[in-house]
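S.K.: Letter by letter, the chains look like this.
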Amino acid sequence: MRAVRALVRKDVLLERRSWETLAATGAFAFLLAVMFHFGFDIQGGEARRFFPGALWIALLFAGTLGLAKGASGDDAEGNGRGLAMAPIDRSALFVGKFVYHLMLMAVVELVVVPLFLAAFSFGAVAWPGLFILGLALGTWGFVAIGTLMATVAGELKGAGLIMPIIVFPLLVPVALGGVAVVEAAVLGEMDPRTMTWIRLLVVYDVLFTAIPAMLYEYIVEA
Amino acid sequence: MLVARGLSVSAGRRTILWPTDFELRPGEWKALVGPNGAGKSTLLKALALLVPFQGALYFMGDPVRKVESAYRRELGVVLHEPLVYRGLSAWENLMLYADLYDLDGAEEAVRAQLEAVDLATFAHEPVGRYSRGMLQRLALARALLHRPRVLLLDEPITGIDDRGIEDAIAIFAAAKRQGVSALWVTHRWDRAWSVVDEVVQIKGGRLHGSVRTDEVEKARWSPEHAAAKQVGIDP
Amino acid sequence: MQASNQSGRKLSFFGILATILVPISLYMAFVYAPTEATMGPVQRIFYYHVATAWNAFLFFGAVAVCSGAYLYTRNERWNQAARTAGELGVLFTSLTLIAGSLWARPIWNVWWTWDPRLTTTLILWFIYVAYLLIQSGGAQSERQRRFGAVFGIVGFLDIPLIHFSARLWRSIHPVVIQPDDIGMPMEMFVTMMAAVVAFTALGLWLWERRFAVESLKERVETLKDEALSV
Chain A
1 MRAVRALVRK DVLLERRSWE TLAATGAFAF LLAVMFHFGF DIQGGEARRF FPGALWIALL
61 FAGTLGLAKG ASGDDAEGNG RGLAMAPIDR SALFVGKFVY HLMLMAVVEL VVVPLFLAAF
121 SFGAVAWPGL FILGLALGTW GFVAIGTLMA TVAGELKGAG LIMPIIVFPL LVPVALGGVA
181 VVEAAVLGEM DPRTMTWIRL LVVYDVLFTA IPAMLYEYIV EA
Chain B
1 MLVARGLSVS AGRRTILWPT DFELRPGEWK ALVGPNGAGK STLLKALALL VPFQGALYFM
61 GDPVRKVESA YRRELGVVLH EPLVYRGLSA WENLMLYADL YDLDGAEEAV RAQLEAVDLA
121 TFAHEPVGRY SRGMLQRLAL ARALLHRPRV LLLDEPITGI DDRGIEDAIA IFAAAKRQGV
181 SALWVTHRWD RAWSVVDEVV QIKGGRLHGS VRTDEVEKAR WSPEHAAAKQ VGIDP
Chain C
1 MQASNQSGRK LSFFGILATI LVPISLYMAF VYAPTEATMG PVQRIFYYHV ATAWNAFLFF
61 GAVAVCSGAY LYTRNERWNQ AARTAGELGV LFTSLTLIAG SLWARPIWNV WWTWDPRLTT
121 TLILWFIYVA YLLIQSGGAQ SERQRRFGAV FGIVGFLDIP LIHFSARLWR SIHPVVIQPD
181 DIGMPMEMFV TMMAAVVAFT ALGLWLWERR FAVESLKERV ETLKDEALSV
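Residue numbers (my numbering), protein chains in the order written: chain A, 1 to 222; chain B, 1 to 235; chain C, 1 to 230.
Some hints here could point you the wrong way.
As the list claims (entries may be wrong) - Derived SDA-like pairs (lysine to any residue); straight-line CA-CA distance at most 20 Å:
#1 217/C / 204/B
#2 69/A / 86/B
#3 217/C / 10/B
#4 66/B / 219/A
#5 66/B / 217/A
#6 66/B / 112/C
#7 224/C / 204/B
#8 66/B / 84/A
#9 69/A / 88/B
#10 69/A / 74/C
#11 176/B / 68/B
#12 203/B / 228/C
#13 66/B / 89/A
#14 224/C / 15/B
#15 66/B / 218/A
#16 66/B / 215/A
#17 66/B / 74/C
#18 224/C / 14/B
#19 66/B / 87/A
#20 69/A / 87/B
#21 66/B / 3/B
#22 203/B / 18/B
#23 69/A / 144/C
#24 66/B / 5/B
#25 203/B / 226/C
#26 66/B / 90/A
#27 69/A / 106/A
#28 217/C / 23/B
#29 224/C / 10/B
#30 224/C / 16/B
#31 203/B / 225/C
#32 224/C / 37/B
#33 69/A / 128/B
Read the hints as simulated data drawn from the structure, not as lab findings.
A quick note: this is a predicted structure, and the numbers were derived from the prediction, not measured.
Given only the sequences and the hints, what does the whole structure look like? Please build it.
M.R.: Next up, the structure:
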């Protein structure tokens, strides 16, 4: 839809001018990579076991930071109202933000994932296809829930601070699923459960993308 | 064209706007004046669907909720905030709105609007660098871009210099001739006098008097004068 | 003026129900039900553990439903109902976790395990707490209420997924202890149901009272507002 493309373009343009969100998110993830590397202090084969968990922790924490920043931008100048007054589908507001954050996370992961692979002394990933699938499904679910919560919170005072507390319990399926699939991909050990995890992630993604999109008119200004 | 019956706004149990009847016919311009906190902006925001309200609102005979998209398409709103992105240029801002309002010939329309408000030379500067007056002119451009049939203006010419004001009045007059209706909320009713058909007073959340500009000579009327002499209709 | 809840002296329907049912269930749990063969008297906690767990999930459902109603109608009373349900939900979830822990210690010799149901309950607790955090503070903006309502609904929808993922995760490591009693004598089953019903009545009564208090508070605020704005 034209509106969604316009909204995404708007956010991309704004980000390109300042690079604030990307820089903060990327820097945080990078910092975590370094800290994990030294904190866990593991050699070789041992490291592989921690990799999936550490990666997802870093992505989710850094991503939540980026979400909080992104949401307040529209609201600080009251611009959200200008958008809300336009004759567009309410769901377009959600989808626009969702696509933008997805793009942000994709860029962050492009940089951070190789970084983590290096920090954990990995040569190569056993099954790259599955690896990317796991990352994609998990990120999708995370961005869906995160975008919903962040846009509804907007400029609420202290929203940025409590956002992790609010979002993380909801992300348990994403975290567990993401780790399980990435682990399988990295170790090259497929398991009947892996398919179930993938199915769970898909259900989660569909549920939490479709519901906000459908209910957005009740969620945004009356 | 726009008819409100028993429109009221409350926050919690507190009533900000008491049930109000209000009407705008095609080509009709009304100014709304009143002290701070009287509810002027609230009425405007209710008509703009920015605050929840009780009561009925009809656009072209249909309940607004039923034709919400079409209504929004015909609304041009100027609020206290300019509603533009400081990080983008005027051009990018207006192009965004052109897309949101699904305009054909977006580039032409944007260019025309920028020229009309005399911002063409600075079209590609980030808006964050604009002066107050320039921001206001951009807000006007944004509101008029999609050629709405109803304008809701909250202090639209504050902060603009005299030359700019003349230009704005000219734009308003032209729009009025084309059948656009408007609600103009302001303290400076004298500026609005030349354009509007009626000046309506509001106080304590209630409308309480109005004056038709063609009936009363401007120099002889002021809100205080009206209150003292009970000029106009008392509901 | 509303009649029944203002006086505070009369017991409402749920109050009466609770007052009758709770002592009955107490009797049943401690006297009527037979002592369990392997676990001994400690097992009697089970009846209330199930009851509070049921309430915990019931009230979360209530939060979701009332939040949905709030988003649809924008009537603040629905949000109040949701918020008070949330408070009771935290209460019952905490009780469930504590009772479960007390039961686990003598039986399994641990205070906690990462059994899927416990994990889900713990996360439910976190979600409740997050919900209350959002809804806290007297003067709430409409946005804050909406945020809380959305969270309440999303959280509720998420719970089955969370539980499913906890179970799937757990299946990697074999669970040593199965806390489930698949078959139980009729008396125990009846006692359990009695406890559930009694606690449901108790919970609903508490909710009703809490909601009444919140309503009164809000009326006071409104009266204050009106007095000041004159």
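S.K.: All the hints need checking, so say for each whether the structure fits it.
M.R.: Hint check:
The suggested pairing of residue 217/C with residue 204/B is violated, with an alpha-carbon distance near 26 Å, which exceeds 20 Å. For the hint linking residue 69/A to residue 86/B, the alpha-carbon distance of about 16 Å falls within 20 Å, and the restraint holds. Under the criterion of a C-alpha separation no larger than 20 Å, the hint pairing residue 217/C with residue 10/B is consistent with the structure, at around 19 Å. In summary, the hint linking residue 66/B to residue 219/A is supported, as the alpha carbons are separated by about 19 Å, within the 20 Å threshold.
For the hint pairing residue 66/B with residue 217/A, the CA-to-CA distance comes to about 14 Å; that is within 20 Å, so the pair holds. Distance restraint check for residue 66/B and residue 112/C: the Cα-Cα separation of roughly 56 Å exceeds the 20 Å cut-off, and the hinted pair is therefore not satisfied. For the suggested pair residue 224/C and residue 204/B, the alpha carbons sit about 18 Å apart, so the restraint of at most 20 Å is met. For the hint pairing residue 66/B with residue 84/A, the CA-to-CA distance comes to about 17 Å; that is within 20 Å, so the pair holds.
A C-alpha spacing of about 18 Å is found between residue 69/A and residue 88/B, which places the hinted pair at or below 20 Å, so the restraint holds. Simply put, residue 69/A and residue 74/C have alpha-carbon atoms about 28 Å apart, too far for the 20 Å limit, and the pair is violated. Of the pairs offered as hints, the one joining residue 176/B and residue 68/B is violated, with about 23 Å between alpha carbons and a cut-off of 20 Å exceeded. Taking the CA atoms of residue 203/B and residue 228/C, the gap is near 18 Å; set against the 20 Å cutoff, the hint holds.
Straight-line distance between C-alpha atoms of residue 66/B and residue 89/A comes to about 14 Å, which keeps the hinted pair within the 20 Å bound. Of the supplied pair hints, the one linking residue 224/C and residue 15/B holds, its CA atoms being roughly 14 Å apart against a limit of 20 Å. Distance restraint check for residue 66/B and residue 218/A: the Cα-Cα separation of roughly 15 Å lies within the 20 Å cut-off, and the hinted pair is therefore satisfied. A hinted pair counts as satisfied when its Cα atoms are at most 20 Å apart, and residue 66/B with residue 215/A qualifies at roughly 18 Å.
Between residue 66/B and residue 74/C the alpha-carbon distance is near 19 Å, which keeps this suggested pair within the 20 Å criterion. The straight-line distance between the Cα atoms of residue 224/C and residue 14/B is roughly 10 Å, inside the 20 Å bound, and the hint therefore holds. A distance of roughly 13 Å separates the Cα atoms of residue 66/B and residue 87/A; the hinted pair therefore holds under the 20 Å criterion. For the suggested pair residue 69/A and residue 87/B, the alpha carbons sit about 15 Å apart, so the restraint of at most 20 Å is met.
Under the criterion of a C-alpha separation no larger than 20 Å, the hint pairing residue 66/B with residue 3/B is consistent with the structure, at around 14 Å. About 10 Å separates the Cα atoms of residue 203/B and residue 18/B, which keeps this hinted pair within 20 Å; it holds. As the CA atoms of residue 69/A and residue 144/C are separated by approximately 18 Å, the hinted pair is consistent with the 20 Å bound. For a cut-off of 20 Å, the pair hint linking residue 66/B to residue 5/B stands: about 16 Å separates their Cα positions.
This hinted pair checks out: residue 203/B and residue 226/C have alpha carbons roughly 17 Å apart, not beyond 20 Å. A hinted pair counts as satisfied when its Cα atoms are at most 20 Å apart, and residue 66/B with residue 90/A qualifies at roughly 15 Å. Distance restraint check for residue 69/A and residue 106/A: the Cα-Cα separation of roughly 17 Å lies within the 20 Å cut-off, and the hinted pair is therefore satisfied. A hinted pair counts as satisfied when its Cα atoms are at most 20 Å apart, and residue 217/C with residue 23/B does not qualify at roughly 39 Å.
The suggested pairing of residue 224/C with residue 10/B holds, with an alpha-carbon distance near 16 Å, which does not exceed 20 Å. Between residue 224/C and residue 16/B the CA atoms are separated by roughly 16 Å; this keeps the pair inside 20 Å, and the hint holds. Restraint check: the Cα-Cα separation between residue 203/B and residue 225/C comes to about 19 Å, which is no more than 20 Å; the hinted pair holds. Only pairs whose Cα atoms come within 20 Å are accepted, and residue 224/C paired with residue 37/B is accepted, the gap being roughly 19 Å.
Distance check on the hinted pair: residue 69/A and residue 128/B sit about 19 Å apart at the alpha-carbon level, within 20 Å; holds.
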